[in-house]
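Chemist: What follows is the residue order along each chain.
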Amino acid sequence: DVKVTQSSRYLVKRTGEKVFLECVQDMDHENMFWYRQDPGLGLRLIYFSYDVKMKEKGDIPEGYSVSREKKERFSLILESASTNQTSMYLCASSSGASSGANVLTFGAGSRLTVL
Amino acid sequence: GDSVTQMEGPVTLSEEAFLTINCTYTATGYPSLFWYVQYPGEGLQLLLKATKADDKGSNKGFEATYRKETTSFHLEKGSVQVSDSAVYFCALRGGSYIPTFGRGTSLIVHP
Chain P
1 DVKVTQSSRY
11 LVKRTGEKVF
21 LECVQDMDHE
31 NMFWYRQDPG
41 LGLRLIYFSY
51 DVKMKEKGDI
61 PEGYSVSREK
71 KERFSLILES
81 ASTNQTSMYL
91 CASSSGASSG
101 ANVLTFGAGS
111 RLTVL
Chain R
1 GDSVTQMEGP
11 VTLSEEAFLT
21 INCTYTATGY
31 PSLFWYVQYP
41 GEGLQLLLKA
51 TKADDKGSNK
61 GFEATYRKET
71 TSFHLEKGSV
81 QVSDSAVYFC
91 ALRGGSYIPT
101 FGRGTSLIVH
111 P
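Protein chains in written order, with this note's numbering: chain P, 1 to 115; chain R, 1 to 111.
Any given hint could be a false lead.
As the list claims (entries may be wrong) - Computed spacing ranges between beta-carbons, pair by pair:
no., chain 1, residue 1, chain 2, residue 2, range
1, R, 110, P, 14, 35 to 43 angstroms
2, P, 108, R, 81, 20 to 28 angstroms
3, P, 86, R, 42, 13 to 21 angstroms
4, R, 81, P, 38, 25 to 33 angstroms
5, P, 82, R, 76, 37 to 45 angstroms
Stated by the list, open to error - Sample of chain P residues at the chain R side, in silico, Cβ under 7 angstroms:
no., residue
6, 16
7, 19
8, 31
9, 42
10, 43
11, 90
12, 106
13, 108
14, 109
In case anyone wonders, no lab produced these hints; they're calculated from the structure. As the structure is a computational prediction, the values presented were derived from the model and not from experiment. Virtual Cβ for every residue (Gly too), placed ideally from N, Cα, C.
The task is simple: from the sequences and hints, build the whole structure.
Modeler: Listed below in structure tokens is the structure:
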């Protein structure tokens, strides 16, 4: 089974803290994604990466950065957490762009609360 | 750009009722279409997909047919169960490797 593992299911942080959300996939996928999910807003893409050390901004990159030093790992970084970043964060991966039918495999999610 | 519109929820049904969740899309070319499901406390997982017009995707009793003429991919199930209670997302993937998701439809099934 393809697995996408998010290291933390629940986190509670204070305003201004630096937060790292880690995501690891074990299927040698080229593409990795970070989404946030909020009630009534669905999934919104924060950043994605199509190769090691490559990254592209999604729809809502402000306040976030990412790191992809190894193919299997894609980290989301909140440099200075704010209360409006309280949300569910979902990591996903997929194989290369050659097939339009490529499916995203999601992790279980990381629920972040910023106090 | 690409977009997906799905009916707002929650959809509330009794067990064994018929389910339809509407999904329409806007895209250039010939996208692949997907339904993902998110059970409480979990991430999304693929429910079914269709890659070309008139294809029918099916899984776990759910079905959806790729209708190019109406740009639709409605999700149906003949008899829902309590265990089907979840949030359902319609999605498409066109030429880019970045999928476009609908906002999700919550389904609540009562015994």
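Chemist: A separate judgement is required for each hint: does it hold in the structure or not?
Modeler: Evaluation of the provided hints:
1. 110/R to 14/P: 35 to 43 angstroms: holds (41 angstroms)
2. 108/P to 81/R: 20 to 28 angstroms: Since residue 108/P and residue 81/R have Cβ atoms about 23 angstroms apart, the given range 20 to 28 angstroms holds.
3. 86/P to 42/R: 13 to 21 angstroms: At roughly 19 angstroms between Cβ atoms, residue 42/R and residue 86/P fall inside 13 to 21 angstroms, so the hint holds.
4. 81/R to 38/P: 25 to 33 angstroms: holds (28 angstroms)
5. 82/P to 76/R: 37 to 45 angstroms: Since the Cβ atoms of residue 82/P and residue 76/R sit about 42 angstroms apart, the hinted range of 37 to 45 angstroms holds.
6. 16: Nearest chain R Cβ about 28 angstroms off; hint violated.
7. 19: This hint is violated: residue 19/P lies away from chain R, its Cβ roughly 19 angstroms from the closest one there, beyond 7 angstroms.
8. 31: holds (5 angstroms)
9. 42: holds (4 angstroms)
10. 43: Holds: closest Cβ of chain R sits about 5 angstroms from residue 43/P, inside 7 angstroms.
11. 90: Cβ of residue 90/P sits 6 angstroms from chain R, so the hint holds.
12. 106: Holds - the Cβ of residue 106/P comes within 7 angstroms of chain R, reaching about 4 angstroms at its closest.
13. 108: Check passed: Cβ of residue 108/P comes within 5 angstroms of chain R, closer than 7 angstroms.
14. 109: holds (5 angstroms)
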